[in-house]
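Residues per chain, in single letters:
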Amino acid sequence: MSNPQVELHIRDLGVIVLELDAAKAPKTVANFVDYVKKGQYDGTVFHRVIPGFMVQGGGFEPGMQQKPIGEQIENEANNGLKNDKYTVAMARTSAPHSASAQFFINAANNDFLNHTAPTAQGWGYAVFGKVVSGTDVVDRIERTKTGRRGFHDDVPVDDVVVDKAVVIAE
Amino acid sequence: MNTPAQDFPELLAPPAWRMIDIISDLHLQPGQPATVEAWRGYLQTTPADAIFILGDLFEVWVGDDAADAPGFEAQCAQWLRETCAQRAVYFMHGNRDFLLGERFAAQAGFTLLQDPTVLVFMDERWLLSHGDALCLDDTEYQQMRRQVRSAQWQQAVLAQPLEQRRTLARSARAQSEARQQAPGMVWADVDSAAAHEWLVRAGAATLVHGHTHRPAEHDLGDGLRRVVLSDWDADARPPRAQVLCLTAAGMKRVDLR
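Protein chains in written order, with this note's numbering: chain Z, 1 to 170; chain F, 1001 to 1257.
Isolated chain F (complex conformation) (with noise of 0.2 Å):
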């Protein structure tokens, strides 16, 4: 197959963007006010006409309900309908936030995405993706990932009340904590050749990708290379907040202050 197979979802940026904003891997929850004050912030202050959101915007996500009564989850949607007043915003689930749904979408104002999604800006192909699916070495996170996005395990856990969702959540974290306490151990990275396929398949120069925390740029040989995003935490001494800027005259990534 030597042709772009064009099976991966396109986005085509409008002609009137100049400046497009690229994030990830927040993992925003009440219990980190500084870094959601960052994050407010940065959506208030942004001249980009675009934030391309890769996974993991928050900590945790139960369900679109927990938007329902006023709360943490509400007040972010309310942040970023004010947002997307401004800007156009597209959010890609992530392995923390892949319950959530169109519903909180809507409430939002935001526009879901499909990972990976390849975004055509500047006469350029950018492919998206928060990156878990490319951890091809973890075989046990690839085998829960298959049940997780899984309609039918979704919609059997979403079937369960808000509450019972919460505990269940706590625990699963509490669990895979408990697991990743593991001296020497080494963290599965993308696979390069499976990155190196889907920039082919895509007809992209760039993958743009998260959720390693382990922000580089990797050049795969044959023009193609992968970029990672920062996550965020500004209680971390430094602080992160980090944003991938796309502009015509290329890539930029911009601390905030």
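Looking at chain Z on its own, in the form it has when it is part of the complex (with noise of 0.2 Å):
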């Protein structure tokens, strides 16, 4: 099984390439490129982005506008890939299996994210792939300003939009 890579194309930024690891996280990386495959990313912002820590997206459009999703996924945290700098993975709430569309990239090492047991506490966030081009846009995204905007921290002032995704390799 290859892996698939995928091309986030950043407004004004820049375009991020992600090489998805398929054979350790097939469950997340299925939902990931079919999400892609729908253009449910397209028009979509990082809504929460925090310094030294990770910048997430997937899950609304401009104005904190959430966008439908799908069915929750199994979490594959424990598939021993590591919430390293530039990797990407999977948000959810603080249920282990109910992550959905919304995902992150790691701007530090997060190893506190990391799956220490399958346990609400241990089960951690499943890596499934990393940067492999365009760390510099994620950093211009990590480093953008931002502010509260209703029941959200960290929205970045000025919308950081994912003007569309797209797969490009399988």
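Because the hints were derived from the structure by calculation, they are not lab data.
Glycine residues also receive a C-beta, built at the ideal position from the N, C-alpha and C atoms.
A portion of the hints provided could be inaccurate.
Going by beta-carbon spacing under 10 Å, a handful of chain F positions derived as facing chain Z [to be verified]: (1) Met1144; (2) Gln1147; (3) Glu1177; (4) Ala1178; (5) Gln1180; (6) Ala1182; (7) Pro1183; (8) Gly1184; (9) Ala1188; (10) Ala1236.
Selected chain F positions facing chain Z (Cβ under 8 Å, derived; list incomplete) [claimed, not checked]: (11) Asp1021; (12) Ala1174; (13) Arg1179; (14) Gln1181.
Both chains are sitting in their own frames, so use the hints and assemble them into the complex.
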């Protein structure tokens, strides 16, 4: 099984290329690729940016309009992949198997997000790929000015928009 | 103010009561039949003289009229009614089922409790609460709570057709879940100083609450403590279904099989 690649075209900032690890995170990769192909991420924003931590997107359009999402997927954080800088992982609520469409790119080696045990506290966040091109674009997103918007903290003041997400290799 | 103001309502346990169960955060819904079944089995087999349900019994509650037609809510009412024939049952609102009213309470046979309420049992005073009112750090939540607990807001919502309320509830839940997808987010816990103040005000040594799904005992100093209930989820591995049981011997957590 070869590793799919996905381009995230970030308006005004450049292109991020993700290489996805289909062998280590088959369900997560299949779920993500499916969303990309359906255009789920086109027009979404990176709505939560915390410098030194991570940049998160995949869930909202500009104005914090929530996008409808699909089923929750199984957490594959126990696949050995670490939340190292520039890896991509699935966001979720505090329920271990609640990931659907939102994802984040680690801006540091976030060891505390790694799987330690199959418990609510220890499940961790499932890494399913990494940035192979465009780390400078990730850095630019990480440095964008943020503020509070309604219920949400750490929202970029100027929208960071994913113009389109495309599968370029499968 | 040195003496307990006693502005919290009190419930005096009748002398005949020997065992009291306290549960919360079952989040019952049709889509999670294992937990519903665990709860049904518990209602049928508990030897307790009284059951105190401290909120979020239901995953969502859109209005008492949801129990008018045959369905999930009506079924739960029936199981509760059967239990209420054997023992006293008390229900306190949580942040999910705060629209549950007197009509359903009568249908189910239980008594509504204010949040908080002081339970006087075996010469001890226990302060019972769902717990959300004490998570003071979450200022957005507290602002929203003030709104949704207001009679005006509730009347406006309950005036809408049942199906519309169900749609609104689904949308609100989806938004809340989307917001909660926040890796690294630190959840607000019950404010210790506020809990301490409530206990002094109530003349009670122990606060029992749910809501945070973080079962533990916390020493608040001055002989005061905060006891947190577990949530229920029969689909989790390991499954969770726990009761806090009060008797003359003290307090004990009982994990249901």
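Hints and how they fare:
no.	hint	verdict
1	Met1144	holds, 9 Å
2	Gln1147	violated, 13 Å
3	Glu1177	holds, 6 Å
4	Ala1178	holds, 5 Å
5	Gln1180	holds, 4 Å
6	Ala1182	holds, 6 Å
7	Pro1183	holds, 5 Å
8	Gly1184	holds, 6 Å
9	Ala1188	violated, 13 Å
10	Ala1236	holds, 8 Å
11	Asp1021	violated, 24 Å
12	Ala1174	holds, 7 Å
13	Arg1179	holds, 6 Å
14	Gln1181	holds, 4 Å
Violated hints, listed in ascending order, are 2, 9, 11; each of the other numbered hints is respected by the structure.
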